[in-house]
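K.L.:
Each residue of the sequence shown is one higher than the last, beginning at 1 in UniProt numbering.
One thing to keep in mind: the hints can contain errors.
[To be verified] What follows is a set of in silico ranges between Cβ atoms, one per label pair, in the way DEER data are often shown:
1. Asn316 x Ser119: 35 to 43 Å
2. Arg194 x Asn316: 33 to 41 Å
3. Leu391 x Pro263: 26 to 34 Å
None of these hints come from the bench; they were simulated from the model. If you're wondering where the values come from, they're calculated on a predicted model, not measured in any experiment. We put the beta carbon where it would ideally sit given N, CA and C, even for glycine.
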Amino acid sequence: GECLGNRSEEYSSNQLIQFMDFLDYKVSNSVADTVRDGRDSHMDGGLVDNQSTARDHLFGQVYTRKKTDVVENVDITNPMSSPDDPSQINEELPISLRKGTRSCTSHPIQRFVSYAKLSKDYKCFITSLSKSVIPRCVEDAREDPKWLHAMTEEMDALAKNDTWELVDIPKGTHLVGSKWVFNVKYKPNGTVERYKARLVAKGFNQKYGIDYLETFAPVAKLKTVRVILALAVQKKWSMDQLDVKNAFLNGYLQEEVYMSMPPRYVQSEKCCHLKKALYGLKQSPRAWFERLRIVMKTNGYKQVNGDHNLFIKQRNGLVSLLLVYVNDMIVIGDDEEEKRKMKERLAAKFDLKDLGKLRYFLGIEIARSETGLVMSQRKYTLDLLKETGKLGCRPFLTPMEFGTKISIKTSNILDEKGKGRYQRLVGKLIYLTLTRPDITYIVNVLSQFMHAPTD
1 GECLGNRSEE
11 YSSNQLIQFM
21 DFLDYKVSNS
31 VADTVRDGRD
41 SHMDGGLVDN
51 QSTARDHLFG
61 QVYTRKKTDV
71 VENVDITNPM
81 SSPDDPSQIN
91 EELPISLRKG
101 TRSCTSHPIQ
111 RFVSYAKLSK
121 DYKCFITSLS
131 KSVIPRCVED
141 AREDPKWLHA
151 MTEEMDALAK
161 NDTWELVDIP
171 KGTHLVGSKW
181 VFNVKYKPNG
191 TVERYKARLV
201 AKGFNQKYGI
211 DYLETFAPVA
221 KLKTVRVILA
231 LAVQKKWSMD
241 QLDVKNAFLN
251 GYLQEEVYMS
261 MPPRYVQSEK
271 CCHLKKALYG
281 LKQSPRAWFE
291 RLRIVMKTNG
301 YKQVNGDHNL
311 FIKQRNGLVS
321 LLLVYVNDMI
331 VIGDDEEEKR
341 KMKERLAAKF
351 DLKDLGKLRY
361 FLGIEIARSE
371 TGLVMSQRKY
381 TLDLLKETGK
391 LGCRPFLTPM
401 EFGTKISIKT
411 SNILDEKGKG
421 RYQRLVGKLI
431 YLTLTRPDIT
441 YIVNVLSQFM
451 HAPTD
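Work out the full structure: start from the sequences and follow the hints.
P.N.:
Next comes the structure, spelled out in structure tokens:
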């Protein structure tokens, strides 16, 4: 103890924990050897007369243990097998202490997130979602060969698609910047499908009337997602998921757009004259959806008036539906033949991937059983807690104290940076209400003060 007190400040907490584990292990083994051999043994196996010695490999300090009485010819009986015979219980026997569990917080997240009732396949799936580390910039990606390979694949795909042509930078031309964004695609069983590196344009540099005009493109409403999932459960329809690789690259641009060379592939005095849409451009979603809409209507599908991203086709009393959210698609219905043909037609026009049964859509984990369907944003919630530093916080049973009144104040208003953080956090909570209706009211209250949040 004295040695630890004198030297602990020179070492990190991890080293101290390793040392305690080492000492506990050595002492336990030595005591067990004493009982087994009927004599004192050295920590490293050599014989000594009066004491056992252990050397701390971390600190270089020698620790000694008092001599343990030798146990000779003792019949060690399980006390539980003869509770009425106290003579069989030897209280002098040394006991190997178990290593206790350590936690850096009084409220570990394991107490509140349980996977006990999930199937083995689904446990594997959700665990895979949490273990991947995604680089935030090109410098981080360069250190990992799999991300470098993903960047090379993206550049090859762009070249094959004839997305741009390299030209000399025209004088007086407004250039749009570019950057890399990284992500991981998963298979339905939770294993990694591929590491995705996506080149995106910095659309915030675009100027209206010069390199973009119309930008509106519809997206699927979240209530539509809930409705079609409920319909599939009620009708016992299968739910499949499709993904269009590099979807925005299929849209055609109507404007003249010049983009700077991608990071790590820069050529002096050259720029990219874009022929097709690219992720990040303001008009790219509109160009992609217009191309998809034409393909679906050509194949006899109609857009639903309440949500233009939902396409439906009825034939011989059977129905097939396709819901689109950018490049992610859900296919449901009882017309299996039409669904198969529709997949073939889309695959002929686009680089389509059939992901099988629906399990993960827009950050929502979906588990289906014979009795119903469960939607969860487990990973989304854990990432949000980690981002805000609340992963080990004390939980509350209610989202807001009873009787709390929140009003607009004119003092202690956050600066622009703080206001942006508040608005971003409330926006993430709004998306979380999709599967957590119990926090809807308090999120609604907090969203009323987006314009003037205070400390």
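K.L.:
Give me the numbers of the hints this structure contradicts, sorted from smallest to largest.
P.N.:
No hint contradicted; all consistent.
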